[in-house]
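Enquirer: What follows is the residue order along each chain.
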Amino acid sequence: MTAPQIGAARFIGQRVPRKEDGRLLTGRGTFVDDIVLPGMLHVAFVRSPIARGRIALIDTSVARDMPGVHAILTAKDLSRFKIDMLTFYLTLPGIEIPPLATDRVAYVGDPVVMVIAQDRYLAEDAAGLVAIDYEEEDPVVTIDDAKTGPLVHPGSESNAAAVLGVEEDEDLEALLASAPHLVTGTITHQRVSQSPMETRGVVVDQQGDEELTVYIACQSPHLVARYLSQAFGMPNISIRVLAKDVGGSFGLKVQPWREEMAVIAAGMILRRPLKWTEDRLENLTAANQAREQEITLRIAFDADGKLLASHADYDLNNGAYPHGPDCNIAVQMFMWAAYKMPAFGFYTKGWYTNTVGLAAYRGPWAMESLARETMLDIAARQIGVDPIEIRRRNLITKADQPCTTSLGIQLEDITPAECLDKLLETLDVPAFRAEQAAARKQGRYLGLGIATYIEPTASTGSIGVMSGELAQIRIEPTGKVTATLSTHSQGHGTQTTMAQVIADQLGVPYEDVSVFEGDSSRGGFGPGAAGSRQGVAGGGASMKAAKLLLDKVKRVAAHLLNANPDDVRLENGVVYVAGAEEMTRSLREIAEVAYGEPDRLPPDIQAGLETQYRYTPPPVTFTSAANACIVEIDAETGFVAIKRWISSEDCGVVINPAVVEGQIAGGLAQAIGSVLLEEVSFDARGNPTAVTYKDYMLPAISDVPDFEHVHASTPSKSEGGFRGVGEGGCIIGPPTLVNAIADALSPFGARCLDLPLTPSKILELIEGRTILRKASGHGAGPQAAAVDRPTAVTASEPDATPIGEAAEPQAAPPLEPAPATAVDGLWKMVLSTPMGPQAMKGRFATNGQILTGTLYSDMGDQDFEGIVAGATLKWDLKVEKPVSLTLKYDVQIEGDKLSGKVKMGFFGNAKLTGERL
Amino acid sequence: MKPAPFDYIAPETIDEVCERLAEAGGGATVLAGGQTLMPLLALRMSQPFILVDINRIAALKGAARADGGTRIGPVMRQNEVIADPTLANALPLLLTATRHVGHHQTRNRGTIGGSIALGEPAAELPAAAVALGASVEARSTRGVRRIAAEALYFGPYATALEPDELVTAIHFPDWPPDTINLFREVARRPGDFALVGLIGALTVEQGRIARAGLAWFGMGPTPIKARQAEAALLGQSIAGLDARGIAELAIADTAPFDDHHATADYRRTVGRRIFARALQEALDARQAA
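Top to bottom, those sequences are chains A and B. For what it's worth, the working numbering labels the leading residue of the first sequence as 1, then goes sequentially. For what it's worth, the working numbering labels the leading residue of the second sequence as 1, then goes sequentially.
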């Protein structure tokens, strides 16, 4: 082993083992649900089953009498506090956001009542006994609903949460109209669920009138403490917020929201420790969600494929109570920031609806990259230019900088063009094109997608809450190093990366550096894990503080050893004096004197070896990347297989390649989920249709390839040269994959701009028919992509051969003759139940052996499916009242009469009679 | 997501299980592998008064040759089915289907009887039972009866089993060693329920199809026996057989629906293709042999 080089980075740039992994991989992490306090009670919420309506009556009397139930609270009980729900920027949102619904409910899952009981089981039992009457109203579900429907927030002027920009600018329209090439498309991104492994959760413990302790899954304990102080208006209370380990956040946990605030308020009312852990059903239905945007992008090019002008018309479904009721202006700010775009205009709108509110989600403005990069590929095909070439002609290169974009963003050192060059060193495009052409002749459809982007990271200084980060470092009397940082890890591994930076700067072993974070009572304010900022701001703070501390060590050691400070060096935890080997001392020996014998220190130096530095990086540090992805599509089933994925990114000086690649891979996995699998959707009544992981499909390990990584590593202007890398994969991933799919499908002339690209949709694109798509209340826009299908397939797409089965017949009617007994039609029936006779009507329809029908009764209308065998009909019906039960119908038909029995679970059998109407 | 309160018993004998089920009058639920039941309990979609755990009963485990076929204990784990040499010889198609059930981890607990008794329409094993002509042995204090798999399913999770009946065995008839086995499944991710799935067995005697068992999963409210296709295949010479025409007949018996994952039309379109391709490839392979 060679001796470490003095002054060279020994830990920065290395794949050192993560300090967190030992406890996390052996199940010894401390998450909120691991917190158990003496006397702690548990919370369950009663949530609205309707999307919109008035609360007529809440009856908690039965639930309250249940043994083990301690309290049942409603909005009225919490009203003793004035609780200002604030946005992420700690500003008022402009609408009333109650922690618990007051007189109205605004989405399915809206928390209405809190049940507090001995344990969560009892709390859920009692929650089932709370009776709430609602006066249901027609909900506002989609963006289109929001534009024309009733007000989501009565008293507001419209359902527009925010609007910026102009719909039509005359000068811009003239530019667009007169351009040699104009490319237009509408891109739709579905709503997605924030699915951290650890759901939301909070434990509250008020320990005295002036002491409030909160354990909460969050992205910065400091930010939560500041939020609570402001939201509750309690400057005189000492608030301590703790979050040791957090299992993923993505933006969901940047601030406490309604449920957490309700639990904290209840804890202060009851003076008992309370715990609420969001379960997965709650997470998928009531935790703040993300995306749900559509954008119509128009791009004008000159005859050479150079950008001339563009306009974006953007809509965002914010839900009822979003973290920030905005119109996502960042989408517009960064739409063309990396490209030479002379003129750009936008019209950007955010809408309120009766759905769960949105929160930021890893790359909240990512829609710009999806829209721009997919439309650039469409433009390339339309103009007849290679997709790589169209980017080369328009990207801002190093030589073009410094420059300022048309929206005023100053660029000094972005490198998307250079990332693309590096990417193409590892990807043989001509070889792929040859393989693709050969495969198409065999009816196999390969596609290559490429995307480029830049991302603003570590934004600081312009938005109040986005401050710098603080590093406090001390060399303990033992010679070991303890650092307390305002950073926070949701899996990012900041205990590792910050220790690497500190060990390098100070000259101590990596193993000797311990990093503490996750407690608002330690260190100082920092917004934590938000906006890809910790490497830049926290890394810079660690660097600066370590330098200050090293200076102090040198001065103390020089004084003690009678040497010149410039001749002192600290290396691997040992203090050396140049040219005086006998003066070598351990860091511990120096530290013991610094703490224990202040008389021996220089007169102007404070005892101890402690320092701190609050580092504020430049306002924005840009990260750049180019990605490529190769897919194969099965034209018979519409399935996409990802064959290869290369990420070429420039996040400046890489502190730990394994951590950087982990961040990129995690974001790319989420991108794959968004493009192929994940979808939060609602029916026309605003009911969520994917409420478990059976229906809400996250990418599994089998859906995510091994990513190849290339690092460009252009040092930034910030201390240490770092750039943020937390969100990039989630931003550049979607267009990369969509472009690969579109390339594979190019023989069919298809545009794929409506996420997620499910097998059903891809087959529809391949076969050029729209009948595969189920019409739903959600997603009025998707047909737009099919409507403006390019009229001509360009010469660069050689084999536009239709696949073999295009001529196959459609959905042939069943050949089996209808059953001899006439079943179809309307029947009236009486069911003899233990509670008395129940009249109902039924409509039956048969199709071969399949029976479908509807029962109409006082309990409402219910559809069912069952089976026909001769004159026997059998079907099952689930009912929820008076208890959850499956009714098994077994009915014989004789002419115009029917008779039979209904098995009603533990209520036994009931007789059914009826006649044809 | 905490279950509602329930009592729990784990009897040592089948008789005791039957007595408890009879006493409960429909309020009991049998716990085998729990891979479906546990989530249903947690979501409170299932709220039994009493959970009857049958995992301690040795007589419900293992597979053995019996009655000119194979008798499989319902508590045989899906991974035990995959690893069983008797079953590998007698029912290779059952093993293929079982490999597609859930994930390795869930197959360690999930049982063959649990899956067949539950009747999830998009699951592999109910369709395998229908295609291969299996029957279930159902026992109660009232006696024992055998129910043919094709008469077992009425709708999603709805079967002919009475609330007091316990599945004590699944009988699979023998199929000759040179049976042509067909299996295709299209699922969003490996381990998911099928968007569309096909399982079938064909025996050939003197170049003609002598026996056919074909069933769909994920193509309607129950596993669906492709009766018209079976009838059309019987007696047909395998040379020059019209696989697409048979596929068309097979699709005619299905009743798929639109859901969150795919449209009914997608299921029919892809079902027709995988059927025709699976049949054609199998026939080509047989003729080449």
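Accuracy of the hints is not assured; some may be wrong.
Said to hold, decoys possible - Straight-line C-alpha distance at most 30 angstroms; calculated DSBU-like pairs for lysine-lysine:
#, chain 1, residue 1, chain 2, residue 2
1, A, K897, A, K911
2, B, K61, A, K244
3, A, K441, A, K19
4, A, K441, A, K643
5, A, K717, B, K2
6, A, K694, A, K717
7, B, K2, A, K903
8, A, K874, A, K828
9, A, K841, A, K828
10, A, K717, A, K643
11, A, K878, B, K2
12, A, K441, A, K244
13, A, K19, A, K544
14, A, K76, B, K61
15, A, K422, A, K306
16, B, K2, A, K340
Said to hold, decoys possible - Restraint ranges, calculated between C-beta atoms of paired labels, are given here:
#, chain 1, residue 1, chain 2, residue 2, range
17, B, P173, A, V429, 35 to 45 angstroms
18, A, T854, B, P173, 35 to 45 angstroms
19, B, Q105, A, D861, 35 to 45 angstroms
20, A, L24, B, D15, 45 to 55 angstroms
21, A, M197, B, M45, 21 to 31 angstroms
22, A, M197, B, N108, 18 to 28 angstroms
23, A, G27, B, A88, 33 to 43 angstroms
24, A, A177, B, T106, 36 to 46 angstroms
25, B, T106, A, D863, 22 to 32 angstroms
26, B, N108, A, A641, 42 to 52 angstroms
27, B, I9, A, K76, 37 to 47 angstroms
28, B, H260, A, A871, 49 to 59 angstroms
29, A, K828, B, N108, 16 to 26 angstroms
30, B, D7, A, L151, 29 to 39 angstroms
Note that these hints are calculated values from the structure, not bench results. Every residue gets a Cβ at the ideal spot worked out from N, C-alpha and C, and that includes glycine.
Enquirer: All the hints need checking, so say for each whether the structure fits it.
Expert: Verification of the hints:
1. The suggested pairing of K897/A with K911/A holds, with an alpha-carbon distance near 14 angstroms, which does not exceed 30 angstroms.
2. A distance of roughly 46 angstroms separates the Cα atoms of K61/B and K244/A; the hinted pair therefore is violated under the 30 angstroms criterion.
3. Between K441/A and K19/A, the direct Cα distance comes to roughly 52 angstroms. Violation of the 30 angstroms bound is thereby established for this hinted pair.
4. Taking the CA atoms of K441/A and K643/A, the gap is about 19 angstroms. The hint holds against a cut of 30 angstroms.
5. The straight-line distance between the Cα atoms of K717/A and K2/B is roughly 52 angstroms, outside the 30 angstroms bound, and the hint therefore fails.
6. At roughly 47 angstroms between alpha-carbon atoms, K694/A and K717/A are farther apart than 30 angstroms, so this suggested pair is violated.
7. For the hint pairing K2/B with K903/A, the CA-to-CA distance comes to about 27 angstroms; that is within 30 angstroms, so the pair holds.
8. Taken as a hint, the K874/A and K828/A pair is honoured in the structure, with Cα atoms around 17 angstroms apart against an allowance of 30 angstroms.
9. Annotation: proposed proximity of K841/A to K828/A holds, straight-line Cα distance about 4 angstroms (limit 30 angstroms).
10. Taking the CA atoms of K717/A and K643/A, the gap is about 37 angstroms. The hint is violated against a cut of 30 angstroms.
11. For the proposed pair K878/A and K2/B, the alpha carbon gap of about 21 angstroms is at most 30 angstroms, so the pair holds.
12. At most 30 angstroms may separate the alpha-carbon atoms for a hinted pair to count; K441/A and K244/A exceed this at roughly 57 angstroms.
13. With a C-alpha separation of about 22 angstroms, the suggested pairing of K19/A with K544/A holds against the 30 angstroms cut-off.
14. For a cut-off of 30 angstroms, the pair hint linking K76/A to K61/B is broken: about 57 angstroms separates their Cα positions.
15. Of the supplied pair hints, the one linking K422/A and K306/A holds, its CA atoms being roughly 23 angstroms apart against a limit of 30 angstroms.
16. Distance hint between K2/B and K340/A is unfulfilled; the C-alpha atoms sit about 56 angstroms from each other, more than 30 angstroms.
17. Distance hint for P173/B and V429/A: a CB-CB separation of about 57 angstroms, inconsistent with the stated range 35 to 45 angstroms.
18. The hint said 35 to 45 angstroms for the Cβ distance between T854/A and P173/B, and at roughly 40 angstroms that hint holds.
19. The beta-carbon spacing between Q105/B and D861/A, approximately 41 angstroms, falls within the hinted interval of 35 to 45 angstroms.
20. Checked against the hint of 45 to 55 angstroms, the C-beta distance between L24/A and D15/B comes to roughly 49 angstroms, which is consistent with it.
21. Remark: the range hint 21 to 31 angstroms for M197/A to M45/B is upheld by a beta-carbon distance near 24 angstroms.
22. The supplied range of 18 to 28 angstroms is met by M197/A and N108/B, whose beta-carbon atoms lie about 22 angstroms from each other.
23. G27/A and A88/B have their C-beta atoms about 37 angstroms apart, which keeps the hinted 33 to 43 angstroms range intact.
24. Distance hint check for A177/A and T106/B: the Cβ-Cβ separation is about 59 angstroms, which falls outside the suggested range of 36 to 46 angstroms.
25. In this structure, T106/B and D863/A meet the distance hint of 22 to 32 angstroms, their C-beta atoms being roughly 31 angstroms apart.
26. Between N108/B and A641/A the beta carbon distance is about 28 angstroms. The supplied range of 42 to 52 angstroms is therefore violated.
27. Roughly 44 angstroms separates the CB atoms of I9/B and K76/A, a value that falls within the hinted 37 to 47 angstroms.
28. In this structure the supplied range 49 to 59 angstroms is violated for H260/B paired with A871/A, their Cβ-Cβ distance being about 35 angstroms.
29. One distance hint, 16 to 26 angstroms for the beta-carbon pair K828/A and N108/B, is violated here, with the actual separation near 51 angstroms.
30. Between D7/B and L151/A the C-beta distance comes to about 50 angstroms, which lies outside the given range of 29 to 39 angstroms.
Checked against the numbered hints given earlier, this structure breaks hints 2, 3, 5, 6, 10, 12, 14, 16, 17, 24, 26, 28, 29 and 30; the rest are met.
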